[in-house]
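Protein chains: 2
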Amino acid sequence: MEQFLIGVDMGGTNVRMGIITPDGNVVRKDHYPIDASKRALELIETLILKLKDLIQKELKDPKQLIGIGVGIAGLINMKKGIISESPNIRDLKDFRLRDFLEKEIPYPIALENDANAFTLGEGWMGAAKGCKHYCGITLGTGVGGGMVVEGRILHGTEGMAGEVGHMVIDPEGPLCSCGGRGCLEVYASGTAVRRMALEAVAKENGLFKLSQGDLKNLNSENVFEAAKSGEIAAKKIFHEMGVYLGLGLVNLIHLFNPEKIVIGGKVSEAWEYFFPSAIRTVQERSMKGPRETVEIVKARCGDDAGMLGAAYSALIRTRLDR
Amino acid sequence: MEQFLIGVDMGGTNVRMGIITPDGNVVRKDHYPIDASKRALELIETLILKLKDLIQKELKDPKQLIGIGVGIAGLINMKKGIISESPNIRDLKDFRLRDFLEKEIPYPIALENDANAFTLGEGWMGAAKGCKHYCGITLGTGVGGGMVVEGRILHGTEGMAGEVGHMVIDPEGPLCSCGGRGCLEVYASGTAVRRMALEAVAKENGLFKLSQGDLKNLNSENVFEAAKSGEIAAKKIFHEMGVYLGLGLVNLIHLFNPEKIVIGGKVSEAWEYFFPSAIRTVQERSMKGPRETVEIVKARCGDDAGMLGAAYSALIRTRLDR
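Line by line, the protein sequences give chains A and B. With my numbering, the residue at position 44 of the first sequence is 883, and numbering never jumps. With my numbering, the residue at position 263 of the second sequence is 1102, and numbering never jumps.
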């Protein structure tokens, strides 16, 4: 009997899910919008309905399904299967998500942080395929990350490791949502690009037309559009973002001596505008030995990475359970 | 037949070596000074003579020895057993130390970075005993570090991981020996304490008496003495060092979610003067989840940590070889 996994990528605005073979082929995928203002329980109940629906409609036999992986933003206590903190869905805090899902859907459930899922997905089927020691970084609304050490995702003592976005890059920098100051996230995320654009507007007015008279319209996507159309102020923002990202890369290179660092997420689409200054920073500031070992590459799985990685976590879990 | 290991801690000024049981008891130890201005080959030949001597004199039967571990400062390519870069002994660069030693002394040899050896030693017999996920930091002439992930030291793809001292703490900070700028090492090492003391002398003259009229006499040890005798300028230096160290700790906490962080090395003797500002920085700047998981503690094995950890590496190697 053919076997399948389900991978779920639960984002802040969308939930993506797919049926995936144990060798990483996506055979069916689906997505639906999420209303993060709703209560967590309601969102989880919708997820359960969608999952049951997918299983019923797409699998000939429910026994074909060997496990479900769920990638979700936040600090996850892996030991207990509890979301310790979730930025997108506030009242998920301290929710025993794994137990709850397993009660409703009788399959082995693996929970994983969304950036860890991205990292695993890229290692399984994407830009880090075959690597045993690598890091993943997602540049989205925030900055997430994951590290794979000897082929396994680094969870740390309770599953909260890999918070790449909260390395301190400049101790005197802007406040960060985590309570710290000058974290990578305040320099290299979509939110950061928007902040820098607002600052640029305030300073030189060069980006004002982007906002069509309303600064609320200014976001990382139209800053990217502006860069593509040749707007110097927009290019400068990505250049600056790249310098800071480069400092984060230096830290990862020195701490992990990775074979690859894979960078993905929505903001990574502006690659050509931030990567040159990032790689220059790495060249100027990192030690020759580990620098010569590492390759810094763009993610390849696109929007599927999180879903794939979540499914991979489930695959690993079912193997360990045997 | 009783079995033994030998652990060697090859520092910049001293070599320490000991005969150690497989359960971590030091049964005999020795040390000798090293003249780092000599050629590497000469230093290695002395090491070999000393090792042979130790084996012959202290073991009833050479077969009792199951392996030798050598901890040494520098970037070590673990795959190849080559010292890629060594700060203390310059012409050790690219030396095939493991092969050379194994040819001269017919026992399994394990090479390990000195800070990794310290970390392993503290995990085996010291402050992190029983921990599976922890970090070690050595505050000496430089700043070294190691991370243990699922009970194993993190080597990265070629063995150069764990360079805690070269996390960027302030991108605009002083130049670092690694070529970067504002690394942890330029704020939290003995060298850093000396630099800050020189700056303080220049600024306020408060520490000038320490140097007895000659600034060459100023070093981290007499700054520590001055702090103990109540000198405010000296206390301020350790306070500042603590703030920067705290930023490094925040990064480790966010990246590794460790159970413990063990801090050792000569400069850690000034614990009471730098630890309060370090821990305050951690409390102010780190995320609650991983912060509440971690305990930050002083090392316990003293000068034996590196020797113990080197022996432990050899023990692991002999187990893996079987």
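Just to be clear, a hint being listed does not mean it is correct.
If several chains are the same, the list does not tell them apart, and a pair holds so long as it fits within one copy or across any two.
For lysine-lysine, the following DSSO-like pairs were computed, each having C-alpha atoms within a straight-line distance of at most 30 Å [unchecked claim]: (1) K918 <-> K1042; (2) K1127 <-> K932; (3) K919 <-> K1127; (4) K932 <-> K971; (5) K877 <-> K1127; (6) K1074 <-> K919; (7) K919 <-> K971; (8) K1067 <-> K877; (9) K1067 <-> K942; (10) K932 <-> K899; (11) K918 <-> K1127; (12) K868 <-> K1127; (13) K899 <-> K1105; (14) K918 <-> K968; (15) K918 <-> K971; (16) K919 <-> K1067; (17) K1055 <-> K918; (18) K971 <-> K1137; (19) K971 <-> K1042; (20) K1042 <-> K968.
Worth flagging that the hints you see were computed from the coordinates, not collected in a lab.
Hint check:
Taking the shortest Cα distances, K918 and K1042 never come within 30 Å of each other, neither inside one copy (48 Å) nor across copies (52 Å). Proximity of K1127 to K932 under the C-alpha cut-off of 30 Å is restricted to the inter-copy arrangement: shortest distance 13 Å between copies versus 43 Å within a copy. Taking the shortest alpha-carbon separations for K919 and K1127, only the inter-copy value of 17 Å comes in at or below 30 Å, while the best intra-copy value is 41 Å. Taking identical chains as interchangeable, the C-alpha atoms of K932 and K971 lie at most 30 Å apart only when they sit on different chains, with a minimum of 27 Å there against 32 Å within one chain.
Proximity of K877 and K1127 under a CA criterion of 30 Å is satisfied inter-copy only: 25 Å between copies versus 50 Å inside one chain copy. Within a single copy, K1074 and K919 get their C-alpha atoms no closer than 45 Å, and across copies no closer than 43 Å, so neither meets the 30 Å cut-off. For the identical chains of this complex, K919 and K971 are neighbours both inside a copy (26 Å) and across copies (17 Å), given an alpha-carbon limit of 30 Å. In this homomeric assembly, K1067 and K877 never come within 30 Å of each other (Cα to Cα): the closest approach is 37 Å inside a single copy and 58 Å across copies.
Taking the closest pair of Cα atoms, K1067 and K942 never come within 30 Å of each other, the shortest separation being 49 Å inside a single copy and 61 Å across copies. Taking identical chains as interchangeable, the C-alpha atoms of K932 and K899 are never at most 30 Å apart, the minima being 36 Å within one chain and 62 Å between chains. Proximity of K918 to K1127 under the C-alpha cut-off of 30 Å is restricted to the inter-copy arrangement: shortest distance 17 Å between copies versus 38 Å within a copy. Taking the shortest Cα distances, K868 and K1127 never come within 30 Å of each other, neither inside one copy (43 Å) nor across copies (36 Å).
Proximity of K899 to K1105 under the C-alpha cut-off of 30 Å is found in neither arrangement, the shortest distances being 35 Å within a copy and 66 Å between copies. In this assembly of identical chains, K918 and K968 lie within 30 Å of each other by CA distance both inside one copy and across copies; the values are 27 Å within and 21 Å between. Taking the shortest Cα distances, K918 and K971 sit within 30 Å of each other both inside one copy (23 Å) and across copies (14 Å). Taking CA atoms no more than 30 Å apart as the test, K919 paired with K1067 passes in neither setting, with 46 Å inside one copy and 46 Å between copies.
When the C-alpha separation of K1055 and K918 is checked against a cutoff of 30 Å, the pair qualifies neither within a copy, at 41 Å, nor between copies, at 53 Å. In this homomeric assembly, K971 and K1137 come within 30 Å of each other (Cα to Cα) only inside a single copy, at 17 Å, whereas the closest approach across copies is 33 Å. Proximity of K971 to K1042 under the C-alpha cut-off of 30 Å is found in neither arrangement, the shortest distances being 46 Å within a copy and 50 Å between copies. In the homo-oligomer, the alpha carbons of K1042 and K968 never lie at most 30 Å apart, since the shortest distance is 44 Å inside one protomer and 55 Å across protomers.
Consistency note: the structure conflicts with the earlier hints numbered 1, 6, 8, 9, 10, 12, 13, 16, 17, 19 and 20.
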